[in-house]
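Visitor: Spelled out from the first residue to the last, the chains are:
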Amino acid sequence: MKKRTQQLPYKKIGLAGNPNVGKSTIFNALTGLKQHTGNWPGKTVSNASGSYFYHDKEYAIYDLPGTYSLIAHSKEEECARDFVCFENHDGIVIICDAVCLERNLNLVLQTLEITRNAVVVVNLMDEAKKKGIKIDLEKLSFLLGVPVVGTTARSGEGLQELQEKVENISNNQSSAIKIHYSNEIEGAISIVERVLVHKINEKYNARWLALKLLDSDESLIKSIKQYLDKDLLKDEELNKALQDAKGYLSKHHIAIKDLKNKIVSTIILKAELIAKSTVSFEKQDYQKKDRKIDRWITNRYTGIPLMIILLMLVFWITISFANYPSDLLFSFFSHLETYLLSFFKYLSFPSWLIGLLIDGVYRVLTWVISVMLPPMAIFFPLFTLLEDLGYLPRVAFNLDKGFRKCNACGKQALTMCMGFGCNAVGVVGCRIIDSPRERMIAMLTNVFVPCNGRFPTIIAIITMFFVGFQNDIRSSLLNVILLTVTILIGILMTFLMSYILSKTLLKGIPSSFTLELPPYRKPQVFKVIVQSIFNRTLSILGRAVVSAIPAGILIWVLANLKIQDVSILSHITSFLNPIGALMGLDGAILMGFLLGFPANEIVIPIILMIYLSNGSLVEFDNLLALREILVANGWTFLTAINTILFSLMHFPCATTCLTIRKETKSWKWTFLSIMIPLVAGVFICCTITFIVRLLNLI
Amino acid sequence: MKKNELPLHHVSLGEKVIIKKLDTNESIKRRLLDMGMVEGTEVECALVSPFGDPKAYFIRGALIAIRNSDASSILVERVKEEAK
Chain D
1 MKKRTQQLPY
11 KKIGLAGNPN
21 VGKSTIFNAL
31 TGLKQHTGNW
41 PGKTVSNASG
51 SYFYHDKEYA
61 IYDLPGTYSL
71 IAHSKEEECA
81 RDFVCFENHD
91 GIVIICDAVC
101 LERNLNLVLQ
111 TLEITRNAVV
121 VVNLMDEAKK
131 KGIKIDLEKL
141 SFLLGVPVVG
151 TTARSGEGLQ
161 ELQEKVENIS
171 NNQSSAIKIH
181 YSNEIEGAIS
191 IVERVLVHKI
201 NEKYNARWLA
211 LKLLDSDESL
221 IKSIKQYLDK
231 DLLKDEELNK
241 ALQDAKGYLS
251 KHHIAIKDLK
261 NKIVSTIILK
271 AELIAKSTVS
281 FEKQDYQKKD
291 RKIDRWITNR
301 YTGIPLMIIL
311 LMLVFWITIS
321 FANYPSDLLF
331 SFFSHLETYL
341 LSFFKYLSFP
351 SWLIGLLIDG
361 VYRVLTWVIS
371 VMLPPMAIFF
381 PLFTLLEDLG
391 YLPRVAFNLD
401 KGFRKCNACG
411 KQALTMCMGF
421 GCNAVGVVGC
431 RIIDSPRERM
441 IAMLTNVFVP
451 CNGRFPTIIA
461 IITMFFVGFQ
471 NDIRSSLLNV
481 ILLTVTILIG
491 ILMTFLMSYI
501 LSKTLLKGIP
511 SSFTLELPPY
521 RKPQVFKVIV
531 QSIFNRTLSI
541 LGRAVVSAIP
551 AGILIWVLAN
561 LKIQDVSILS
571 HITSFLNPIG
581 ALMGLDGAIL
591 MGFLLGFPAN
601 EIVIPIILMI
611 YLSNGSLVEF
621 DNLLALREIL
631 VANGWTFLTA
641 INTILFSLMH
651 FPCATTCLTI
661 RKETKSWKWT
671 FLSIMIPLVA
681 GVFICCTITF
691 IVRLLNLI
Chain V
1 MKKNELPLHH
11 VSLGEKVIIK
21 KLDTNESIKR
31 RLLDMGMVEG
41 TEVECALVSP
51 FGDPKAYFIR
61 GALIAIRNSD
71 ASSILVERVK
81 EEAK
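Protein sequence lines, in the order shown, are assigned to chains D and V. Note that the first sequence ends on residue 698 in this note's numbering; no numbers are left out. Note that the second sequence ends on residue 84 in this note's numbering; no numbers are left out.
If you are wondering where the hints come from, they were derived from the structure by calculation, not from laboratory data. Incorrect hints may appear among the rest.
[Claimed, not checked] Derived CB-CB ranges, DEER-like:
#1 D:Lys507 to V:Glu42: 26 to 32 Å
#2 V:Glu77 to D:Lys292: 25 to 31 Å
#3 D:His252 to V:Glu42: 26 to 32 Å
#4 D:Thr504 to V:Ser27: 22 to 28 Å
#5 V:Glu77 to D:Asn172: 46 to 52 Å
#6 V:Glu77 to D:Lys222: 37 to 43 Å
#7 D:Ile317 to V:Ser72: 38 to 44 Å
#8 D:Ser250 to V:Glu42: 28 to 34 Å
The beta-carbon is built from N, C-alpha and C at its ideal position, and this holds for glycine as well.
Throw the hints in and build the complete structure from the sequences for me.
Guide: Encoded structure:
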């Protein structure tokens, strides 16, 4: 967790809750920060913290990972449990989904077993109201013994009240509900608790720890060692008490291995009881509309085609709406270039500097802005809308069988979808996969889905070489189809590589898999658009700028430093040429990919720079002119196909590589994550080139 | 297996059943318990994915996808028809 710089006394509050109940939204609303939110479980994969002021007091908010329970069996659950149990906090806010309160109460009761300083938030009250679900908040508060607030975080409703309640509990303890287990278990608990209470600080909950020690919860015992700085299990008196308690249980015919089930059942039945007396349904079939949509979306005949149509629709909107601003920007920048050029000449800049600034930096930048940015700015919000709606878990549901056949996890479909935005984000997202083996497979194959930095390149090449420049429905449709085919090849490769990995380096059987399919929610259209443009698009642009400038300078220097009258750049490209030729590419293209390692957005402008560096300055103000430059440098349809495929499958960008290294903590796996797509890409390009040449197609 | 009892993945679309026994390994068992699947819980098979596996079940107000290989070790009982 982040270290705080201020020394002011502040209150420390944890936000707990099931996955996908709007925790991030509440966190953002309270702290004014901008965590990315979306309608699928596991969105928040790393801890965030922020703060707000209320009545001149600072409240530091820690967004805990979303968990279904505190009986830790994953890293996320361990982290949430340790915060609730051992961290020196002033209160926990437990956030529930009003639409399925009963299931959420499980976590509420587990949390209240550990701490009494808690506020229960019943969020998504608007969704519940729409579905005719009524919740008696007062009664719920009475039954739980802690304050309860109903909120609709998206519109900010109830947040004021929440802050007030948080202030209250951080000052006074409430009398939270106590879970009563069967007499036998209670007896055993008290045997241990009596001893334990003298061994630990009073701020820790002896009753709960006693129960967990009885249950021999290994991960908790590890945490106790870490936080209390002593090994309780080495304490003789305590060990004796534990033995006594276990003896007591077995005398009453309760086996230790059944204890966990009994504990969990007691809590779940209690949750059921509380839900029954506080929740009422106006319509029994409140799920009907969702189910109807779901039947179509997951249907045997329509499920997969709908998925592809939706993907194509997103691409179609992206391509047709990106065209116009793209053309406009293109011609604007080429006009500006003429003025800049004469301005620089007026300032009598030396010609090398003008070359560096215009040919190098300016052209890369304007390419990124005019060709890459418009599709990104349209695709990203569209995709976020699908995410907000709750469609992505359905994709995972539909594709799970494929992943199971590859001995991988269905949640890989979710991380694959995140990869469309950015592969580095996709790799981090793999944390939602519990099995380390399946998580590794998902991380190593994420790069087969083209990210935002790559698919505008693919669109541009498709437009230039396969579709042409007519602005009619037919050509944009053709463009969409070709792009979709490219993406499907990427997805196919994901499956293939997952299969190969699970049969070789990452052998194993698929682990168990449960995935919640959340109810559909109306996306917040305006907010999504504003946030994705400002947060995502601009940050991608920033990254491209940062990597374009040094790359531009490097290319220019290489092109102008000469050895034996031939530029270093020509030496390098002619060295790479034979390898490129085997793959149906050329040395300049390979150089473009190599120098595009920091950011894939700049691959094509670098290739152009290399082509142009040897000739005179050519003006280009649209893709048509670009095509001519490429064709003049030997591009054929084969070069175009192979460039698209190599763009789909080469090495991950620098950011993604570093992220993989951070997530796997291993250079070996990072190296492999580079080699897998690279080998696949080289192999496929070589094969296609070989076949095309064999058949004398060009 | 008694009459009326069957593994969860054999339950047909739209049918409601009661959980009798979780006969699974520890790791999946805990996941299922987290979702509130204790003995006696009513479960409805709500969705079948395009390739027949996994299926999604309606459990305590939430829709949960479970693979058939995992569901096969969950023993359930048909809710008796009230007419009889």
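Visitor: Confirm or reject each hint.
Guide: Verification of the supplied hints:
| no. | hint | result |
| --- | --- | --- |
| 1 | D:Lys507 to V:Glu42: 26 to 32 Å | 39 Å, violated |
| 2 | V:Glu77 to D:Lys292: 25 to 31 Å | 28 Å, holds |
| 3 | D:His252 to V:Glu42: 26 to 32 Å | 30 Å, holds |
| 4 | D:Thr504 to V:Ser27: 22 to 28 Å | 24 Å, holds |
| 5 | V:Glu77 to D:Asn172: 46 to 52 Å | 48 Å, holds |
| 6 | V:Glu77 to D:Lys222: 37 to 43 Å | 39 Å, holds |
| 7 | D:Ile317 to V:Ser72: 38 to 44 Å | 43 Å, holds |
| 8 | D:Ser250 to V:Glu42: 28 to 34 Å | 33 Å, holds |
The structure fails hint 1 only (numbered hints given earlier).
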